[in-house]
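Student: Order-wise, the sequence lines are chains A and B. 0 is the number of the first residue of the first sequence in numbering that gives the first Met the number 0; add one for each residue after it. 0 is the number of the first residue of the second sequence in numbering that gives the first Met the number 0; add one for each residue after it.
Calculated from the structure, these hints are not laboratory results. Honestly, I wouldn't trust all of these hints.
[Stated by the list, open to error] Cross-link-like lysine-lysine pairs, in silico, DSS-like; alpha carbons within 30 Å at most:
1. A:Lys702 with B:Lys159
2. B:Lys125 with A:Lys694
3. A:Lys224 with B:Lys159
4. A:Lys766 with B:Lys118
5. B:Lys207 with A:Lys702
6. A:Lys698 with B:Lys55
7. A:Lys694 with A:Lys439
8. A:Lys698 with B:Lys125
9. B:Lys185 with A:Lys694
10. B:Lys185 with A:Lys249
11. A:Lys677 with B:Lys185
12. B:Lys185 with A:Lys246
13. A:Lys693 with B:Lys63
14. B:Lys118 with A:Lys677
15. B:Lys185 with A:Lys726
[Stated by the list, open to error] Simulated restraints, written as ranges between beta carbons of each label pair:
16. A:Phe300 with B:Lys125: 55 to 63 Å
17. A:Gly727 with B:Arg166: 36 to 44 Å
18. B:Asp117 with A:Thr320: 54 to 62 Å
19. A:Gly701 with B:Lys125: 17 to 25 Å
20. A:Lys326 with B:Glu97: 43 to 51 Å
21. A:Gly610 with B:Gln212: 53 to 61 Å
22. B:Glu97 with A:Lys224: 37 to 45 Å
23. B:Lys74 with A:Lys123: 40 to 48 Å
24. A:Asp36 with B:Glu97: 55 to 63 Å
25. B:Leu210 with A:Gly536: 43 to 51 Å
26. A:Gly577 with B:Asp135: 48 to 56 Å
27. B:Arg166 with A:Gly610: 30 to 38 Å
28. B:Gly88 with A:Lys698: 27 to 35 Å
29. A:Gly701 with B:Leu210: 53 to 61 Å
C-beta: ideal position from N, C-alpha, C; glycine also.
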Amino acid sequence: MNLNRRDFLKASAAAAALAAATGSRFGIEAAEAAEGDIKWGKAPCRFCGTGCGVLVGVKDGRIVATKGDPQAPVNKGLNCIKGYFLSKVLNGKDRLTKPLIRKGDKMVEASWDEAMTLIAAKFKESIAKNGPDSVAIYGSGQWTVFEGYAASKLFKGGIGTNNIEPNARLCMASAVTGFMTTFASDEPMGCYDDLDLGDTYFLWGANMAECHPVLFSRLIDNRLKNPRVKIIDFGTRHTRTSQMADKYIKFHPQTDLALLNGIAHIIVRDKTYDENFIKKHAVFKKGKTSIGYGLEDKFKFADDPKPITFEEYKEFLKPYTPQYVSKLSGVPVATIEEVAKLYADKSRKVNSLWTMGFNQHVRGTWVNNLVYNVHLLTGKICKPGENPLSLTGQPSACGTAREVGTFTHRLPADMVVTNPEHRAKAAEIWGVDVKKIPEKPTYHATEMFRALDRGDIKVVWVQVTNPFQSLPHLNRYRKGARKGDGRFVIVSDIYPTRSTEVADVILPSASWVEKEGFFGNAERRGQQWFKMVEPPGEARNDLWQIIELAKRLGYGNLFPYKYVEKEIFEEYRKFTGGGKDLAPYEAYTKARGLRWPYVNGKETQWRYAEGYDPYVKAGEGVKFYKNKKDDGKAVIWARPYEPAAESPDKQYPFWLCTGRVLEHWHTGTMTGRVPELKRAYGAAVCELHPEDAKKMGIKQGGKVKLTSRRGSLVLTADLRGRGKAEKGNVFVAFFDENKLINELCIDAYCPISGEPDYKKCAVKVEKV
Amino acid sequence: MGSKSQDIVSRRQFLQSGAVAPLAAVLAVGMISIPFMRLAEAGGFMLRPPGALDEKRFLGACVKCGKCAQACPYKAIKMAGPSYGASLGTPYIIAREEPCQLCPELPCAKACPSGALDKGLDDIEKVRMGTAIIVDRENCLSIRGLRCEVCYRNCPLLDKAITIEARHNERTGSHTIMEPVVHRDKCVGCGICEKSCVREQAVIVVQKSPLLQKDSYEF
């Protein structure tokens, strides 16, 4: 019997309903029965950090269907349209299927042996001539845990360089340094259950409706069920999130720093803080100020934290009066007072949510600290339904990049290369001489590509990411890659991209369910999947590629595995005890994900909270036990307002902000190959406020030219308001490979996190 | 995709249908078969350019000059072929392929020499080319609870012609169904929603506007 697609989906919807009702596996079996020879497997979605569960249907070795997994706690069978079309994502016509080597102007097909021989030779040559720090790997928050671990082990424990960075440096680094400086441990204390259990939600510079669609759906349902729920959207741009929020509060770019201090100021002024909580669970610190913007090559910054008293902190807050903050931010005094009152309201369960507005910020670390300050002052933290929740953009920025530690300064499980004890532990588990692991971090992402431009790095291997579309001040780095003189760029990807086009070698890769995998989402949920189909042509998975290079460089002994994925995972797991505990691999193969710390067969919903986190002892209530230096207390940081790296001026009078839309993900290499998603949203446009447009004589659909000090771009103007820029602002999404808006962006970064500010630079806008 | 609307019979289909022989005879005397003549009037809705008179008067006024099609900067206006019977040579829009983009200056209407398109129309939001209707709720991803709402986000009269009505998803118990709802009094019938729909067959299509009904009666 052949069910057509409509009937199948109808049956599965009904079956899913039944499954939800009975709580049994019946739903899936019914669909299987209906479909006969389709085999179903579970996997997390390939796209955002929400980590929706999907079921992938395979028949005759091909993916024939995908649907939301009704048994996945994250999404219960729902998807956004990106997830809905997962079955199409891997089937674009121009899938890379053969290694390609640059010969003059052409990319010529080659065998794997040829390509890997060449790559290994280039690595060896550069290491011999210029040292191990002349080679680098740039990976991704879309790497599986196995891939990230193997890369880190090879480069740090084999080659002996800290030249490994993930693209997560460009999206979550500030969240990480925020966590590390406040709590001494990365990753949220809360989980998605907080979306169901709280009653007050502050969204800060996050277009959740479009960028975390299924989570937003969950949040709105909370409000539908509980009319008491308030959702307040702080933004520099009016979005679909603003439209559904109870209140949209617009503020001038960068002034989030002042607003958060202003809220703290009022809480201190009115004594609505939780004195007892502060005494038991917080210390106060200050760091350096006027810390710069990272615009110069090799910019270095080291903070100098000093303890201060609560009184000194109150002194620090004195200038952030509602009047001062209002003047700076454009938010009315009454609104600031109202927000502070809401944050401190003892009858309310308050949550803060944020993503790139806070993280892609020249003071990203500071603004993360400041939002934690408010929750620590009021004691609204580590309680079910009451947490600050950092939302993540990529499917495994948490699970791979951050937790495995694929950064220049990192080792797995919060550990750092600068700490001799951490290096010793890594050396022991990896089975290498501890002297191999370098103790000095080298370059974070932006500096890595500056080094390539200068020639201090010669060989870069890019995997599962598209830096030559996504880096800020893009022109410099695209040109840098093609300067020759010994430079050699390898790009592993599944489609031709703006990065493969500057490569010397292109390696065709397997994607998603074409390999066994493991991702970790924003709520500490690790999700595993089995390989379900073969990759096309001669494509091979990135893990195989890394190990193959290792063998050819003489480090094959570091990868003596038979069942590679499982053995790597179990080896990595050894790092994770004491608060980041992962479950045995077997457990993940059966579960719809598990949230760490996983201890004695139980996952943890709320970290640092008694009764939920097994590392918190009875009677402790809340304990930030990872911060041993401060006795298990969290840090409230005195961080001031400081202006953006480049603000509008007479010559460049507009703010440029960049970001995403629901229909496309990141640089659009996958979603751009789904015809339906292209139909829904084809090209990047320039959002402009209608009054600004009128002044310049720009009409809907007319052409505008945006120019910054670094580049210019002609775009179609969109005044329809799906995203409505405030006056004096423009917004452009970065998914379009034909509209490289990042050429205009400034490569200024947070000196502490290294994360560039994609949300603020100065442009001029002209009618074309 | 390139699928034409259902009521166009392709040339090949027509020739293969076996209707050629008797029809050839009919055509030879310059008469056109009755079913085709009544195509537009029988509810085989044709999406006319903005500012068009009601269909009966439009067919009388349109001189089939093609100036509106030439004026359209998006090439959205097409000229109807022979299978359209009495509509032969008249302008229409296939929303699924290229919808009307609602140019504020209405170049198409301004170009019309016969008044078939109202030249005096100055507010694009006042046109009523048709009304968008969700014709297949079971295949609408938004109504199923997935996060789509592409039609809503692309609608040029954002939050006016289509709004989102949120309701609890009974099946999951913890998510929202965000249903796009068309407001007949605001929808201009441009068809941008129909073009945007991510399903293979658009589940939201522009159809002939339903009658605007009042709740009071004259006795």
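Student: Each hint: holds or not?
Tutor: Each hint, compared with the structure:
no.: 1; hint: A:Lys702 with B:Lys159; result: 25 Å, holds
no.: 2; hint: B:Lys125 with A:Lys694; result: 24 Å, holds
no.: 3; hint: A:Lys224 with B:Lys159; result: 26 Å, holds
no.: 4; hint: A:Lys766 with B:Lys118; result: 28 Å, holds
no.: 5; hint: B:Lys207 with A:Lys702; result: 33 Å, violated
no.: 6; hint: A:Lys698 with B:Lys55; result: 34 Å, violated
no.: 7; hint: A:Lys694 with A:Lys439; result: 53 Å, violated
no.: 8; hint: A:Lys698 with B:Lys125; result: 18 Å, holds
no.: 9; hint: B:Lys185 with A:Lys694; result: 27 Å, holds
no.: 10; hint: B:Lys185 with A:Lys249; result: 28 Å, holds
no.: 11; hint: A:Lys677 with B:Lys185; result: 27 Å, holds
no.: 12; hint: B:Lys185 with A:Lys246; result: 25 Å, holds
no.: 13; hint: A:Lys693 with B:Lys63; result: 36 Å, violated
no.: 14; hint: B:Lys118 with A:Lys677; result: 35 Å, violated
no.: 15; hint: B:Lys185 with A:Lys726; result: 27 Å, holds
no.: 16; hint: A:Phe300 with B:Lys125: 55 to 63 Å; result: 59 Å, holds
no.: 17; hint: A:Gly727 with B:Arg166: 36 to 44 Å; result: 38 Å, holds
no.: 18; hint: B:Asp117 with A:Thr320: 54 to 62 Å; result: 58 Å, holds
no.: 19; hint: A:Gly701 with B:Lys125: 17 to 25 Å; result: 22 Å, holds
no.: 20; hint: A:Lys326 with B:Glu97: 43 to 51 Å; result: 49 Å, holds
no.: 21; hint: A:Gly610 with B:Gln212: 53 to 61 Å; result: 60 Å, holds
no.: 22; hint: B:Glu97 with A:Lys224: 37 to 45 Å; result: 43 Å, holds
no.: 23; hint: B:Lys74 with A:Lys123: 40 to 48 Å; result: 57 Å, violated
no.: 24; hint: A:Asp36 with B:Glu97: 55 to 63 Å; result: 41 Å, violated
no.: 25; hint: B:Leu210 with A:Gly536: 43 to 51 Å; result: 58 Å, violated
no.: 26; hint: A:Gly577 with B:Asp135: 48 to 56 Å; result: 55 Å, holds
no.: 27; hint: B:Arg166 with A:Gly610: 30 to 38 Å; result: 35 Å, holds
no.: 28; hint: B:Gly88 with A:Lys698: 27 to 35 Å; result: 31 Å, holds
no.: 29; hint: A:Gly701 with B:Leu210: 53 to 61 Å; result: 37 Å, violated
Hint compliance for this structure: hints 5, 6, 7, 13, 14, 23, 24, 25 and 29 are broken, all remaining hints hold.
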